[in-house]
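J.: Sequence:
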Amino acid sequence: MVKRRGQVALPARLGVWANASLCSERLVCTGTAPPLRFLLGKHKAATEVYNEAAKLNQKDWEICHNLGVCYTYLKQFSKAQDQLHSALQLNKHDLTYIMLGKIHLLEGDLDKAIEIYKKAVEFSPENTDLLTTLGLLYLQLGVYQKAFEHLGNALTYDPANYKAILAAGSMMQTHGDFDVALTKYRVVACAIPESPPLWNNIGMCFFGKKKYVAAISCLKRANYLAPFDWKILYNLGLVHLTMQQYASAFHFLSAAINFQPKMGELYMLLAVALTNLEDTENAKRAYAEAVRLDKCNPLVNLNYAVLLYNQGDKKGALAQYQEMEKKVNFLKDNSTLEFDSEMVEMAQKLGAALQVGEALVWTKPVKDPKSKHRTNSASKSAALQQPLGSNQALGQAMSSAAAYRKLPSGAVGAQLTKPPSLPLEPEPESTVEASPTEASEQKKEK
Numbered sequence: 001m002v003k004r005r006g007q008v009a010l011p012a013r014l015g016v017w018a019n020a021s022l023c024s025e026r027l028v029c030t031g032t033a034p035p036l037r038f039l040l041g042k043h044k045a046a047t048e049v050y051n052e053a054a055k056l057n058q059k060d061w062e063i064c065h066n067l068g069v070c071y072t073y074l075k076q077f078s079k080a081q082d083q084l085h086s087a088l089q090l091n092k093h094d095l096t097y098i099m100l101g102k103i104h105l106l107e108g109d110l111d112k113a114i115e116i117y118k119k120a121v122e123f124s125p126e127n128t129d130l131l132t133t134l135g136l137l138y139l140q141l142g143v144y145q146k147a148f149e150h151l152g153n154a155l156t157y158d159p160a161n162y163k164a165i166l167a168a169g170s171m172m173q174t175h176g177d178f179d180v181a182l183t184k185y186r187v188v189a190c191a192i193p194e195s196p197p198l199w200n201n202i203g204m205c206f207f208g209k210k211k212y213v214a215a216i217s218c219l220k221r222a223n224y225l226a227p228f229d230w231k232i233l234y235n236l237g238l239v240h241l242t243m244q245q246y247a248s249a250f251h252f253l254s255a256a257i258n259f260q261p262k263m264g265e266l267y268m269l270l271a272v273a274l275t276n277l278e279d280t281e282n283a284k285r286a287y288a289e290a291v292r293l294d295k296c297n298p299l300v301n302l303n304y305a306v307l308l309y310n311q312g313d314k315k316g317a318l319a320q321y322q323e324m325e326k327k328v329n330f331l332k333d334n335s336t337l338e339f340d341s342e343m344v345e346m347a348q349k350l351g352a353a354l355q356v357g358e359a360l361v362w363t364k365p366v367k368d369p370k371s372k373h374r375t376n377s378a379s380k381s382a383a384l385q386q387p388l389g390s391n392q393a394l395g396q397a398m399s400s401a402a403a404y405r406k407l408p409s410g411a412v413g414a415q416l417t418k419p420p421s422l423p424l425e426p427e428p429e430s431t432v433e434a435s436p437t438e439a440s441e442q443k444k445e446k
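For the record, in the sequence shown the residue sitting at position 190 is 190 according to UniProt numbering, with numbers rising by one throughout.
Below, simulated BS3-like cross-link-like pairs (lysine-lysine); rule was C-alpha separation at most 30 Å, straight line:
#	residue 1	residue 2
1	Lys92	Lys79
2	Lys59	Lys75
3	Lys112	Lys146
4	Lys295	Lys284
5	Lys295	Lys112
6	Lys92	Lys119
7	Lys326	Lys284
8	Lys75	Lys55
9	Lys112	Lys262
10	Lys349	Lys326
11	Lys118	Lys146
12	Lys295	Lys315
13	Lys92	Lys146
14	Lys79	Lys44
15	Lys262	Lys315
16	Lys295	Lys326
17	Lys112	Lys75
18	Lys295	Lys332
19	Lys59	Lys119
20	Lys118	Lys59
21	Lys262	Lys326
22	Lys295	Lys262
23	Lys314	Lys349
24	Lys314	Lys327
25	Lys75	Lys262
26	Lys262	Lys327
27	Lys314	Lys326
28	Lys327	Lys284
29	Lys262	Lys332
30	Lys295	Lys349
31	Lys315	Lys349
32	Lys79	Lys112
33	Lys315	Lys284
34	Lys119	Lys75
35	Lys332	Lys112
36	Lys349	Lys327
37	Lys332	Lys349
38	Lys327	Lys315
39	Lys55	Lys79
40	Lys44	Lys59
These aren't lab readings, by the way, just hints derived from the structure by calculation.
Turn these sequences into a full structure, and let the hints guide you.
T.: Structure, rendered in structure tokens:
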């Protein structure tokens, strides 16, 4: 009986193993086993199984697409692109285009990402996610006409698309239409009431309307929701500088520097706060670090030169003034930047005080109310820095690293607005103190 049972059981066990091997082969062929590993986060193991499945079925779009996704998570972007292109050759699909575009954004190649998303929109013109993402990319490049066109198409197909509404509001905010932007943000607040970029943009709209208490309230709500977002901290420091609350400005700017230690403009604003707190030595150190990090913004050198002149160091002030002239000449030759009239006036006063008036690179511009209205925008920008108030919309509306893209060292094109500047001591009647864009006019009104 024992032997008979053993003889009967042995083939049964072999049958179980045979059935198991057949099932595993079917799983590989049908692509069922790899997604299990993919969902468990075992991307390397999933790629091994997908490669085995690809040997059995080389014309399966899903296998190529999922291989590309796995390679993306493994940071092997070249292999991921090859697999995704193979998937598109077998069968075009929205998900494949989106994934391929994200890879180019992760690599910092905005132009290739735009080309991919343009092809995706041609293939699927009613996909609101594709239209919104393409509009956001154009918005980041400053191509407002195309951005508005694609965002408008997205809202045509889906009027409740909060990403497109938020981006459209940020465009209006950038151009100074704060009331219209606030109307858009009111709609978005119903869909995503706890969005840090939303409250940041609302706060900067109030800043543009010179409602500083409301601006601080909204920005602090944004900071509560995203305490590690350096742009929100930057804006909080900027608003406190405007209100002459220099200790609070120092607090928020120091926190922003901890998260973004390689941005020269942050050190410049910190130096302005330190100067008004009568900590001249640390202000000089902050200016020196700002000059070291920022190679394109002439405002850093201008403020540093004013501080050195006020401290009696005319030689150092002259050196910074000459560096500022070089940057201004470079910007004038390579872009169409609009310099703030008050900043130009300060540079002319400093040049006259340093007896270099005959070599001034600036002529006092004619005041244009429209351009002045644009410079009152809540989002300060420099040659290498996108407007903060509006660029926040890109942070969460795009699930990519595009918002952290680094521009080339010589890239220009953003409108250059005036940051806080310091008064020249020989002219005590001047009311221009350490304040952000157009702050002096606000003080005169008070």
